[in-house]
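Visitor: Take the two lone chains and join them into the complex the hints point to.
Protein sequences appear in the order of chains A and B.
In this text, residue positions in the first sequence follow our numbering: the first is 1, and each later residue adds one.
In this text, residue positions in the second sequence follow our numbering: the first is 1, and each later residue adds one.
Hints in this document: simulated from the structure, not taken from any laboratory.
Cβ coordinates follow ideal geometry from the N, Cα and C atoms, glycine included.
To be clear about the criterion: a stretch of chain B counts as covered by chain A if any three or more of its residues have a C-beta under 8 Å from a C-beta of chain A, and this derived list gives those stretches:
(1) 659 to 668
(2) 731 to 737
(3) 747 to 756
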Amino acid sequence: MKSVILQTATRLIFPLLLVFSIFMFFRGHNEPGGGFIGGLVGAAAFVLFAIAFGTKVTRELLRIDPRIMVGWGLLFALLSGFISMWAGDAFFTGQWVFPVLFGNELHIGTPLIFDIGVYLVVVGFTLAVIFALEEETN
Amino acid sequence: MTILFSVLLIFGAAFIGPMAAKYFRNVSGWVLALFPLTVFVYLLSYIPLVSGGEVFRESYTWVSYLGINLSFYLDGFSLMFALIVSGVGTFIMIYGGGYLGADPKLPRFYFSILLFMGSMLGVVLADNIIALFIFWELTSISSYLLIGYKHEKEESRKSALQALLITGSGGLVLLAGLILLGMMAGTMEISEMLSDPAVLADHPWYLGMLICILIGAFTKSAQFPFHFWLPGAMAAPTPVSAYLHSATMVKAGIYLLARLSPVISGTVEWTYIVTITGAITMLISAWLALAHTDLKKLLAYSTVMALGTLTMLLGMGHEYAVKAVAVFILGHSLYKGALFMVAGTIDHEAGTRDVTQLGGLRKLMPFTATFGCIAALSMAGIAPLLGFIGKELVYEAALSAAIFPMFFIFAAVAANVAVVATSAIVVLKPFFGEFKETPKKVHEAPVSMWIGPAFLSVLSILFGVLPFMIDGTLITKAAASIAGTPELVVSLSLWHGINAALILSVLTLLSGIGVFFLWDNFRSSKVMQGYDRVLGVAPKNGYEHTLNGILSFASAQTRFFQNGYLRYYLLTLITFFVVLTGYTIVAKTDMAMMLDFSDIMFYEWILAGVIITAAFAAVFASSGLVAIAALGVVGYSISLVYVLFSAPDLAITQVLVETLTVILVALVLVHIPKFQGYTAPSSKIRDGIIAAGAGLVVTLVMLAVLTLDFDPYMSEYFAENSYVVAYGRNIVNVILVDFRALDTFGEIVVLGVAGVGVYGLIKFGRKLHAKEGTNV
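Next up, chain B with everything else stripped away, as it sits in the complex (with noise of 0.2 Å):
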């Protein structure tokens, strides 16, 4: 097996998905967790390789001139992102197969989940930026299908789009700062980059790229100001948030700042940006949960704290920063996978993740509430989970921060104090307390759906008791990979001494306590709730507005230049080629045409009256039938001409298609009202003027045509290459079929396309028009 066979492995299984959803109904997320376990078991046995320090590299050439490959690199930091992305993976398709159940759009989902996996997995593994990009966008277009998966819904549809608009728009401006990137460090492999970071920080181009880079990577992991777009795609069903909006696509921008930390952070710019707006985003964020009562809500503004500490510490870079970066990446992903998953149990079971409509649930769903408590107390930081570990390791680094450490001590612990209460509320409001009535009568959920839970919080207290088990062999190399410092070491453990981010960490937890039992006045006071209007819906709402603007702007434009009138449309083509041509012509060339009526044969003059002749009449003529008959005596001469100049798969194409226009109009003559005088004489002046005009340009065209030397170049390689190459005589055919054949396949697709677009016409223009009146 490998590297690329594991993505492409994923990939394939997104297409057994939907059958396998036929076939095994009730056991089939059990069967294609398959997948993503084998790849994860896979993946562990490079654990001993790769934490002695091993890095591996797989390369297959794609568009080699333009540096463009298919690689794959896998260290210490890929590694552990990928164990995530399989491991958390695994169990999402466990749970998802048991959430949604006889959905029947389950097929669907499957696909989409898998296309995400496979995505994602490609993210963290690929070596070449455009590889990742590639890779990149694929996860936003199928995150996009499963946010949009309740597609009935309007809601759903617009988060999705939401959230698409904004991680595809930064998309694009990555492209830009990883091609800029690409040519600064003059590789377009990460891992060329890493073991040769040239000196970028000097580059005339270094604050561009970074900016691009940056927008890039905060939009598709929810920085201030774009942290909207999280909890709106928290529409998605839950399977989808538990592993997109915890563990995955939302840690996507993270991981390619971590990265490429090695190559483009340590300079001023860096740290102050992207330190700045990590403290905004972990401090905005964390207080927006508590501003909302709905469990996945509270959960997707938690997210988006931590994406904004990651951030944080990723901006200033030095050793502390990075372990907390290691480990909180981890215990994140195992905590916050399983409280979604248990939030969407809860909303499975009982009909309402409302917590203030919850309560008392943890005597009729008891594994659920053992886990989520769990997976609550590693949230909060609460010893001995793998989160304490992590968050001590949050404040040693803002405490050795090197610019403004006060702030962001403050801002860390502030931020933390209203993680501590978001997560007393998911577990406590619902699980404790006296019983609520729900809208659906609550069970234990099935073992799919506690299973996935159950193995990450206990990996939770596993890693938090012995650390030994995941410093070693995870965390120092993925540490030393965002460093970019091979010979750092990490030793974990859960007790430092008394020192001062124990006593933070203390004073967080009591201050979160109290927090948590003022919440239910505080929620709903008016600080709280103007607080809500100004930093989590006004972005919201700045975004909708300029997405109406941009609509509105774009169909005032389209009503202007598509007005539906046929005879503008040809007016417009007309007199642009007539203006441009014609300006071409008259001011770059020297006019040196000649007229040489001398070798004309006389049956040549009268083709050459008959189509002028003809011309006129369908110009004159009183009736439609007249007038399509004198175009096609204008068809059919035409095609002598050809005879005459020996082109004949010309003459054989004119005179059919000639034949077909004819019955083509005949038909639609059918429905074109009679002939009317109803067009003004200056209308028809000004048409004149303008026909006559381009019959004009044409000629000069042609004329000037004859003035140039004819360079024999391309037919002569046509001729001596046609038999020998492709082996055929009819020159014309071979170059169609054989030499340029993508010119012929891009015009048979535009026929295709036309075909269809002329269908519909026919066929359901009349119908749209009495549906939505004259706006069609």
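Bound conformation, chain A alone (with noise of 0.2 Å):
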């Protein structure tokens, strides 16, 4: 499908979209948002570009497989809750760390590495499946 309006609006609606998935996913701590929808945001965001675009521009842009990306997603998760057993404590329980940047104090744990997990596995899973989808369709 080639359509000059939807490539144009596109171009300036996907980097938003990206930006915002990432927004949403570091705001699900304290609000509404998290891994599952930020990956989905994000996922919506790289199927909007493969409709306006292809599949095959889509790929080159996303660099790496989605299907591999489902994997280093569950390694991520996975490995969030080995940090919990070499630090002694059972496995998944939350580690934290409060580094204090420019005055602020930050909370950072293994919670945001799980959830970097779950983000990696849901674009991963939607865009293997949609991606195939479109290439068989063509």
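Guide: Structure, rendered in structure tokens:
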């Protein structure tokens, strides 16, 4: 599907969607959002791009095969569990550090790594399926 | 260094193995042999302490509330076994490197064999029975990889699966037996059971526990009627057979019986079952060997014979028997490891291992021939080798058996006659006599391939001539551990004077030589062929029939349930849901549900109206696109419901999922044919009834939920602790990624697996369909 309107609009919306996806991801800690929602927004961004420009270009833009992304996601999630074990706690017990950056105390913990894993699995799954379907259609 | 470290060292080496194969090429076997050698030397350092009567324990907490620990126990018996595993293992690495040489699968061999070696060390050193079981299963899995090494060949794959299924299903039974044992003894640690052998024999579960453990041990150690898997496993490359099928894996069952014998032996059941199974296995397999001309098959059946002998001795359990077990295990590992390697070398150099095709090789491969002959002399039980002492002890044990001594003496002598003939066949046929042309031009093998047999056969002489080298250092404490009496002392010697055992030995030797000279005619006789058919082939066929039966039952069942029609899947799922949940609601609740419409706002009415209208529109839509659009309306309206009832996370997720679903379905719709009115009115009515039933049941469930008192404990807990413990204010997300992270992990794993499945269906479904017809 070649549509100048869609392509132009996508050029503008795509980066916004990506930023929004990351925003949703981080926001999830205190407000509605999180890895799952962020992942869906991120996937939607790439799906939109694929509809406008085709899957070949999108795959190049993505650089990483979505199927491999699923694997990385699972690995990240698992890793966060192992960090808890190395720290001597039960599997998936949150571990936290509180570095102070520019005067702000940050909360960085293994649930963040876990959520990155969720994000990657969701994006990878959605894109793997939709790309495969699109390529099959053409 | 600790015991744990030595086991981990070998497991670690398994992961280095493939790289070593790449970087060290021709010498990779020598380099990797350093790992088991290190462990061997480390274990040697325990000999002075262990022979002085000390035992060592190491424990690492694992699942403490179930009594499962990663604990190790080193006493005389486990030390002897661990030395065999690491010592023979050292030579197997060297031999394997030479034997497989430039084989591109060499890295895989290194990985699997070291994985096996680590597991086997774990089996013989484990103290906790669950830890032992896990190592036990790891040996089954790694031996599956090793037997199936030549995976291009169907025979290899079949034999590998056969060994895995038999030892693996035996392993499951064993697990049940071990758990029973642990519950009966009140501890999972073998050392604690040994130091305090509670009276288990009178326990009501004793027989069940015993049978479970015996099935596990008998399948692993190829006892009759499971004896056929071991000769089948000869499809493995020879380094594997030389290791797994002589000295280690197949002896795991023997190890387990011996290890537990102070705790579970001594009863009538034990004595009869174990002794008689062992004797039958010993006798049957010793003679089955003579029906074959393949060197490895000959050796494999004689190994089964040895395992039967050990089982029989463990069943007897008296002092001679435990001594014989300890000496026989060591003696057999030395000569059988060497002989398997020699057989492999002959196969490697000559291109065949059929003894009728081989002859006169001794001049061409002098080293291999010499060491092969020494090992064969030990196997035949000829003085002054260690095999002689072992066989004398077996006869002594049979002579003093508590039950049916005449039967056991007859069985032992008859079996050993066949073993003498077998040992003569495996070396005299290929190395002596007239030279025969072979498929390959024969050379002496490289040093890596005869150094193993050299060491092992020289040790057979050394320990035979100078038995004081082993009796105080190794055998005494090993036998004492099996007997459960620390004060037992073993003193070995070659010459006992002229006694019954010696006379039997001479008789055995002479008859064995007689059988050897008659072998060529005897092998092809109808009696021998019939014998092989009934006791060698028939059990294997029985196994295959059972397996095929299970497979065809499974495929019939699968064809019935997995009929490939989505509509029937949905129909089945929803009908079951309606029937089961509906029944539960009607039968188990008082149905006191309230229908209260008083506090519903007008916009909620409107929303409900939109949802219902859209749902009906979807059902009666005339095209797929309309149906999808209508379903989209349902989805977005439901997300509005979430917004109204303050569940923003759910609302956002619903909107996103709904959007992506519409895209997905739009892509799928292209492939689906246009709506056609094929469905018969009766089917439509059936579907309508089921759908209405589903709707009704869900409504009832919802109403039933409302009648329950809401227990705020969990939600209050999360609300209070979300920020305090997990530093997040969004409770939903904190639950997802922290409090219930394991659930979420399970969900994303499912998502990942589903992704692989969907991807496979889209990408390969059509190709498979085209290739295999409709059978997808």
